[in-house]
Amino acid sequence: MSHLMLMVIHAALIGAFFSLLWRRQWKAQLFLFLKIFLGLSLGAVALGWLMYFFPSGPPAPLP
Amino acid sequence: MKGSPETDAVAASDGSDEQEIGGEPIGRPWLAALLAWLVPGAGHIYLRRRARGVIFFGIVLVTMFIGCLLDGRLYSTFAGHPLVIAASLGSLGAGVPYFLLLAIGYAGVPLAAGYEYGTTFLITGGLMNLLLVLDAWDISTGRKP
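Quick mapping for you: the protein sequence lines, in order, are chains A and B.
So for the first sequence, our numbering puts the first residue at 1; every next one is plus one.
So for the second sequence, our numbering puts the first residue at 1001; every next one is plus one.
Hints in this document: simulated from the structure, not taken from any laboratory.
Be aware that one or more of the hints could be misleading.
[Stated by the list, open to error] A few chain B residues that face chain A, going by a derived Cβ cut-off under 10 Å, partial list only:
| no. | residue |
| --- | --- |
| 1 | Phe1056 |
| 2 | Ile1059 |
| 3 | Val1062 |
| 4 | Thr1063 |
| 5 | Leu1070 |
| 6 | Thr1120 |
| 7 | Phe1121 |
| 8 | Gly1125 |
| 9 | Leu1131 |
| 10 | Leu1132 |
| 11 | Asp1135 |
[Stated by the list, open to error] Covered stretches of chain A (in silico footprint by chain B; criterion: 3 or more residues with CB under 8 Å from a CB of chain B, positions within the stretch not fixed):
| no. | segment |
| --- | --- |
| 12 | 3 to 11 |
| 13 | 15 to 21 |
Positions of the beta carbon are idealized from the N, C-alpha and C atoms, including for glycine.
Start from the sequences and build out the full structure, keeping to the hints where you can.
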């Protein structure tokens, strides 16, 4: 399973959990789920793109 | 504890449906918290939130199951580096599933491709259940409807 898919599944589980924990009506739950899910998924992708400007450099020497 | 007029106003104006801050005390808080810790969702079922309890049970169990499928590490060391202890406490939050995994000798496979991801899933499952313990306590004491 790809890393991206694992991240999406994790975001979906987190979103489902907190939307059910913090909201009582299904419309509010759905709205919060979408906010958390899209925030985590798209935020991580955006952060990944931003890391382009900060290259990791050469690998660290083995001890 | 019932919310103040200010907190009621904030809750009503933030676009959420949580206009009702408190509720009636129900059940025994310690029993609800203990059940919630032992079996994910059981505290909510005890407090007559059956549908929520079942869904919470599913979410926590699926999270931990994926963690096991990925061969993540199940932290069980309560000494040494503070972060390791914190991870162990987080995983311990899952209750009976955590002890079941320990009983069958599950520890994770450090060389597996999904090791780090699986560890994240396992700790997340435990931390979710810790939040469910607090939620069950709040519902039982009437702080949350």
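Evaluated hints:
Interface hint at Phe1056/B: satisfied, since its Cβ lies 7 Å from the closest Cβ of chain A, which is below the 10 Å cut-off. Because the smallest distance between the Cβ of Ile1059/B and any Cβ of chain A comes to about 5 Å, under 10 Å, the interface hint for this residue holds. The interface hint given for Val1062/B holds, since its Cβ lies 7 Å from the closest Cβ of chain A, which is under the 10 Å cut-off. Among the interface hints, the one on Thr1063/B holds; its C-beta lies about 5 Å from the nearest C-beta in chain A, closer than the 10 Å criterion.
Against a cut-off of 10 Å between C-beta atoms, the interface hint on Leu1070/B holds, since the closest Cβ of chain A lies about 8 Å away. Because the beta carbon of Thr1120/B sits about 7 Å from the nearest beta carbon in chain A, less than 10 Å, this interface hint is met. At a threshold of 10 Å, the smallest CB-CB gap from Phe1121/B to chain A is about 7 Å, leaving the interface hint in force. With a least beta-carbon distance of about 9 Å to chain A, the hint placing Gly1125/B at the interface is held under the 10 Å criterion.
About 7 Å separates the beta-carbon of Leu1131/B from the nearest beta-carbon of chain A, less than 10 Å, and the hint is met. For Leu1132/B, the interface hint holds, the least distance from its beta-carbon to any beta-carbon of chain A being 8 Å, beneath 10 Å. Hint status for Asp1135/B: holds, given a least beta-carbon distance of 6 Å to chain A, under 10 Å. Here the segment 3 to 11 of chain A counts 4 residues with a CB under 8 Å from a CB of chain B, which clears the bar of 3, and the coverage holds.
With 4 residues carrying a beta carbon less than 8 Å from a beta carbon of chain B, the segment 15 to 21 of chain A meets the three-residue requirement, and the given coverage holds.
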